[in-house]
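Combine the two chains into a complex, taking the hints into account.
For the protein sequence lines, the chains are A and B, in the order given.
Quick note on numbering: the first sequence equals residues 1 to 204 in our numbering.
Quick note on numbering: the second sequence equals residues 1 to 233 in our numbering.
By construction, these hints were calculated from the structure, which means they are not laboratory data.
From the three backbone atoms N, C-alpha and C, an ideal C-beta is built for every residue, glycine too.
Warning: the hint list may mix true and false statements.
[Said to hold, decoys possible] Now the stretches of chain B that chain A is said to cover, found in silico as 3 or more residues with beta-carbon under 8 Å: (1) 23–34; (2) 82–94; (3) 97–110.
[What the hints assert, rightly or not] Reference excerpt, derived from the structure (chain A facing chain B, CB under 8 Å, subset only): (4) Leu21; (5) Phe23; (6) Arg24; (7) Arg71; (8) Phe146.
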Amino acid sequence: MDLVSENLVRSFGSRRVVGPLSFRVGPGRVLGVAGPNGSGKTTLVKILAGLLRPSSGHAFLEGDGLRRAPRDASEQIGWVAPDLALYGELTAAENIVFFAKLHGRRADRGWVDETIARVGLDPKRVEKTPLGALSTGQRQRIKLAFATLHEPAVLLLDEPSSNLDEAGRAVVARVVKMQRERGLAVVASNDPGDLALADERVTL
Amino acid sequence: MSGASARPGLFGAAHALFLKDLLSEWRTRTSTNALLLFAFAVLILVGYAVGPTSLTPEDRPAVHSVLLWIVLFFSAMTGLSRVFVKEEDAGTGAALRLSAPPHAVLLGKLLANLTLLGAVTLFVVPLFLALMSFEVKSPALFVLLLVFGNLGLASACTFTAAIVAKASAKGTMFAVLAVPLLLPPLVGAVMGTRVAATEADFFAGLDFVRLLVAYDGVVTTAAFILFDAVWRE
Chain A
1 MDLVSENLVR SFGSRRVVGP LSFRVGPGRV LGVAGPNGSG KTTLVKILAG
51 LLRPSSGHAF LEGDGLRRAP RDASEQIGWV APDLALYGEL TAAENIVFFA
101 KLHGRRADRG WVDETIARVG LDPKRVEKTP LGALSTGQRQ RIKLAFATLH
151 EPAVLLLDEP SSNLDEAGRA VVARVVKMQR ERGLAVVASN DPGDLALADE
201 RVTL
Chain B
1 MSGASARPGL FGAAHALFLK DLLSEWRTRT STNALLLFAF AVLILVGYAV
51 GPTSLTPEDR PAVHSVLLWI VLFFSAMTGL SRVFVKEEDA GTGAALRLSA
101 PPHAVLLGKL LANLTLLGAV TLFVVPLFLA LMSFEVKSPA LFVLLLVFGN
151 LGLASACTFT AAIVAKASAK GTMFAVLAVP LLLPPLVGAV MGTRVAATEA
201 DFFAGLDFVR LLVAYDGVVT TAAFILFDAV WRE
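Bound conformation, chain B alone (with noise of 0.2 Å):
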């Protein structure tokens, strides 16, 4: 009879798909030019519209801090929701379907997405940093926030991205889904980071690292208790 093999586990399975993802990105390039792209467009039009001079002191932590996290968001959103779209605009998410169990996909694909934030992050920050002439007085702690912060833009996106793969109109229905749901850790990654900004002390902002990790548990438990359904309808 059978001589079908034993499947690897979750991080197996998982780690073979976001091995693949990267190679597919690599080829493709999809995702990360029109992410790099938009985050470099962005930073330039800031630069030239704000700048390091045209604020007051006071103003720059509130106001560099909300551009920063902007700079970010709309990255996310305009390149995240690849991953799950253009399988099944490729005709390759039933591929999937048969040879992959659920929540090792959802758990590739959000390694893939963290893989291309963490890379624009690593981008976009420190020319940032460098054409605002942003400071930070508690490196530690913006280290922290966009760590968290990132992890909660990549599974909010990464999962509702799974939803509106089927979709007809995936674009509209990924903002739709996607911008309530950012909203919670963007107002606490933006306050944290201006305390970053203006406090030495690193236990100023911890309440917002905290309101991130939290944020972070609490989706990514969902998005594995509900996408099993969410993948598989």
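Okay, chain A solo, but in the shape it has when bound (with noise of 0.2 Å):
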């Protein structure tokens, strides 16, 4: 499957925020958005994850002969973004139980504590806590897991080192890598470490 921009404008107002921007990523690839703040990184993000609409041009997934429209196909995009919020009156196992089952996962015990551990948190420390009382950095983390549970096609960082410190950022190269094998990830970044993970990068 692809991802696909072409000729994507978006504005707030009479202000151009996005584009005209035109970009296609195949399987495999990892996309750098790179841009100083206020450049529209997250704003791109958010239409290639669906959350927002293009004012002109068009944003789409392409692959077996179909194109769908992102927001059309929520299944296939995981997303994480600052402004990305989780239940922080849940535990983190609670809150990956609650998404697995939106997305038709079987959430065993087993697979949540693998899920957790996946992002470099022990599931045993972070078993009775709320969300809202982990650290920013590990709230990140399980983000992460939020937004892979699902093995999504397209996976859509924004700033995915930010709060993170070394450990953190390795687990972000992984899942990154662990993307490639499944699909295709655009990474959103000043962070030039972030920036690192991609193949070939757009600027804003």
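Okay, structure coming up:
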């Protein structure tokens, strides 16, 4: 499956925030989106996730002879962003189980522990703590688990290493590496370490 | 390539969402506390102000019916908008949009609101009957009116909450949109409750039950048709 942007433009009022922007990302590839603060990286990622409509142009997923708008293919999309929040009153495991059920996954204890461990957290240590009481870095790791628990074909990472320590950055690199095997990824960031994970780059 | 799994059907996803909302509510008790405290305060005030003896026996059924539905109506207005507002306030709405089909979100939220309103009704009605010495001559009719009246309140409030969740003046918007929408079933519920209090014949008030069923059907259907646009735009 390819992720395609054709002359994509997004404006807020008279202010153009993104585009016109065209690119195609194929399976196994990682696209880096670079640009200073306010250049429209987050807006672009939200359009690719189907959370915002473009003002003109198109973004779509193309594969098996079909084109689908992101909002009609949300089961194929994983998304991490600074303004993504999970349920702070639930534990990490309860969040994972809830979203796994929505994605039709059988979320038994072993699988949930494995999913949490995959992002570098000890499932036993975060077992009884509400997500809201975890550190910002720990919550960022759980966001990575949320975005990948349904093994999406398209993984969209907006500032994935924000609030993460070196070990956390290694988790991001591992997540991106795994994503290459099942689809493609887009990494939007100012962080040179994040952008180094990409094969090609667009600058906004 | 992708190992994306097949999503559950409408009821599976709605059930997961319903259970999540109940667990969240149990942990935070934001809506429950607001609803129960409001209902309790109004019940005590009404009990002192009107009481069982300050009205003539002829006036009691009409006044008590109005007061009962006023308590339920304002309780609904106080707590039921939270289901969507808290998703937007906490920033969890986007995760939900990406993970659940829109109709499952609406159904799950509606079930959560129905449960909440049902709990408030179970709390309010026995207390109201006892405090006001409110005698119901047709209990079956009374129960049906409560069931379908609550369904109407919950459906209209849930859908209105989805509309206002992203607005800046949520409280004002919710009242402006919900009050006109809720007046028809409230009038029917009040009139039906008066009949249930004065007539032992179940069929004497059946038209009011029909009115509520029709209202519930129209509002719930309209909510399911329109929700996709409201939720994703």
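Verification of the supplied hints:
1. 23–34: holds (count 4)
2. 82–94: Our answer is that it holds, as 4 residues pass the Cβ test (under 8 Å) against chain A, meeting three.
3. 97–110: With 5 residues in contact (Cβ-Cβ under 8 Å with chain A), the coverage given for the segment 97–110 of chain B holds.
4. Leu21: 22 Å, violated
5. Phe23: Hint on Phe23(A): violated, closest Cβ of chain B at ~20 Å, above 8 Å.
6. Arg24: 16 Å, violated
7. Arg71: Arg71(A) check passes; min Cβ-Cβ to chain B is 6 Å, inside 8 Å.
8. Phe146: At 7 Å from the nearest chain B Cβ, Phe146(A) passes the 8 Å test, so the hint holds.
When the structure is compared with the earlier hints, violations turn up for hints 4, 5 and 6 and for no others.
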